[in-house]
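Based on the sequences and whatever the hints tell you, model everything.
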Amino acid sequence: MTVHPPPSLGLDNRKFGMWGFVSSEVLFFSVLIANFLVLSKQDPPGTFEMHGQIVSGRELLDIPLTAFNTFVLLTSSFTVVIALKAIQEDKQFLFRLALLITGAFGTFFIGVQAYEYYQLIAVEGLSFSSLFGGAFFTLTGFHGAHVVGGLIWLLIILFKAFGVMGGFSSKDYMGIEIFGLYWHFVDIVWLLLFSLVYLI
Amino acid sequence: MSGEYHEDAELKEHKHPNYFAVYIALAAITALITIIEMMSHNGIINVPRASLITIYLIFSISKAVLVAMFYMHLKYDSLLYTVLFGVPAIFAVVFFTLILI
Chain A
57 MTVHPPPSLG LDNRKFGMWG FVSSEVLFFS VLIANFLVLS KQDPPGTFEM HGQIVSGREL
117 LDIPLTAFNT FVLLTSSFTV VIALKAIQED KQFLFRLALL ITGAFGTFFI GVQAYEYYQL
177 IAVEGLSFSS LFGGAFFTLT GFHGAHVVGG LIWLLIILFK AFGVMGGFSS KDYMGIEIFG
237 LYWHFVDIVW LLLFSLVYLI
Chain H
3 MSGEYHEDAE LKEHKHPNYF AVYIALAAIT ALITIIEMMS HNGIINVPRA SLITIYLIFS
63 ISKAVLVAMF YMHLKYDSLL YTVLFGVPAI FAVVFFTLIL I
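From first to last, the protein sequence lines are chains A and H. Take the first sequence: its letters are residues 57 to 256, numbered as in the numbering used here. Take the second sequence: its letters are residues 3 to 103, numbered as in the numbering used here.
Rather than coming from a laboratory, the hints here were simulated on the basis of the structure. We put the CB at the ideal spot given by N, CA and C, even for glycine. Worth double-checking, as some hints may not be accurate.
Pairs of lysine-lysine, DSS-like flavour, derived with a Cα cap of 27 Å [as the list claims (entries may be wrong)]:
| id | chain 1 | residue 1 | chain 2 | residue 2 |
| --- | --- | --- | --- | --- |
| 1 | A | K147 | A | K216 |
| 2 | A | K97 | A | K216 |
| 3 | A | K147 | H | K17 |
| 4 | H | K17 | A | K97 |
| 5 | H | K77 | A | K141 |
| 6 | H | K77 | A | K227 |
| 7 | A | K216 | A | K227 |
| 8 | A | K97 | H | K77 |
| 9 | H | K77 | A | K147 |
| 10 | A | K141 | A | K227 |
| 11 | H | K77 | H | K17 |
| 12 | A | K227 | A | K147 |
With beta-carbon atoms standing in for the labels, derived distance ranges [to be verified]:
| id | chain 1 | residue 1 | chain 2 | residue 2 | range |
| --- | --- | --- | --- | --- | --- |
| 13 | H | A33 | A | L150 | 42 to 50 Å |
| 14 | A | E145 | H | I46 | 41 to 49 Å |
| 15 | A | S64 | H | V89 | 17 to 25 Å |
| 16 | H | K17 | A | G181 | 49 to 57 Å |
| 17 | H | L82 | A | G181 | 46 to 54 Å |
| 18 | A | G181 | H | A33 | 38 to 46 Å |
| 19 | A | M106 | H | T56 | 24 to 32 Å |
| 20 | H | H43 | A | V220 | 47 to 55 Å |
| 21 | H | L81 | A | K227 | 21 to 29 Å |
| 22 | H | N48 | A | S64 | 57 to 65 Å |
| 23 | H | I47 | A | G73 | 42 to 50 Å |
| 24 | H | V67 | A | F198 | 21 to 29 Å |
| 25 | A | Q175 | H | T99 | 25 to 33 Å |
| 26 | A | L211 | H | A33 | 28 to 36 Å |
Below is the structure:
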């Protein structure tokens with residue numbers, strides 16, 4: 057049996073590693089958001105048109121739909137923390153149900169994003185070549201990619217949660233906690249994106 | 003990866019916060035800023051743009067802090083995690099503020 061020395065900081069290395077990764081992602085998204093804030097208002101007047109009127113790029117965005125989608129992602133963040141609490145108390149049914157709801161809401165969020173992209177590109181004619189369009193699709197696209205990555209991770213977790221590769225318990229839930237940290241971070245990024253991209 | 007859970011040396015024993023109350027607070031703040039923006043956009047209320055930006059920034063940062071403190075358990079975990087997350091987060095906020103001014 058291999059004996060591992062305790063971590064020098066007294067912290068679980070896996071959790072510490074995820075926090076380090078989240079920190080790097082904060083910087084990554086900071087740059088993308090800053091890029092959007094600077095470029096989004098630089099298109100020449102008349103670049104965007106809606107219902108025959110000249111508008112700014114931001115006015116092409118569907119705020120009520122995105123607000124609803126923000127609630128969806130917020131709810132998935134809530135169900136992740138419920139799943140963690142449930143497994144800490146060995147409530148397997150609630151744990152699995154909360155994870156399934158998280159996956160369903162996360163998938164719904166991506167679906168609405170895809171619909172929004174279709175509306176903007178095919179209906180409103182928002183082009184990647186405009187400064188607003190390029191910055192918008194880059195920023196929200198990277199966020200969407202993070203959500204998709206999280207959903208793939210969640211799928212693997214669900215296999216384990218349902219006993220395909222072992223299982224989780226009150227003595228083994230680090231995988232859930234680490235996933236939760238990632239998912240909550242993705243939620244935080246969206247909360248900021250909603251305000252900085254859609255409202256401001 | 004070993005499935006064995008290593009308790010963080012600094013993790014404090016704590017009661018779970020009221021996650022539902024946090025969720026309601028987050029949802030309420032999101033609803034409030036959406037309503038403010040829709041009313042401002044439609045001319046129902048007349049708020050200077052600079053004030054709106056300040057309100058949205060403050061509320062957004064508040065939501066992020068709520069998620070980080072309670073859902074990500076920063077309030078109950080090692081201070082090192084708070085520093086690890088907080089330093090780049092503060093940098094980001096200062097960065098955005100300088101751009102938006």
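So, going through the hints one by one against the coordinates:
no.	hint	verdict
1	A:K147 with A:K216	15 Å, holds
2	A:K97 with A:K216	47 Å, violated
3	A:K147 with H:K17	17 Å, holds
4	H:K17 with A:K97	47 Å, violated
5	H:K77 with A:K141	16 Å, holds
6	H:K77 with A:K227	22 Å, holds
7	A:K216 with A:K227	15 Å, holds
8	A:K97 with H:K77	38 Å, violated
9	H:K77 with A:K147	24 Å, holds
10	A:K141 with A:K227	13 Å, holds
11	H:K77 with H:K17	12 Å, holds
12	A:K227 with A:K147	12 Å, holds
13	H:A33 with A:L150: 42 to 50 Å	27 Å, violated
14	A:E145 with H:I46: 41 to 49 Å	47 Å, holds
15	A:S64 with H:V89: 17 to 25 Å	21 Å, holds
16	H:K17 with A:G181: 49 to 57 Å	54 Å, holds
17	H:L82 with A:G181: 46 to 54 Å	49 Å, holds
18	A:G181 with H:A33: 38 to 46 Å	31 Å, violated
19	A:M106 with H:T56: 24 to 32 Å	28 Å, holds
20	H:H43 with A:V220: 47 to 55 Å	49 Å, holds
21	H:L81 with A:K227: 21 to 29 Å	26 Å, holds
22	H:N48 with A:S64: 57 to 65 Å	58 Å, holds
23	H:I47 with A:G73: 42 to 50 Å	47 Å, holds
24	H:V67 with A:F198: 21 to 29 Å	23 Å, holds
25	A:Q175 with H:T99: 25 to 33 Å	32 Å, holds
26	A:L211 with H:A33: 28 to 36 Å	31 Å, holds
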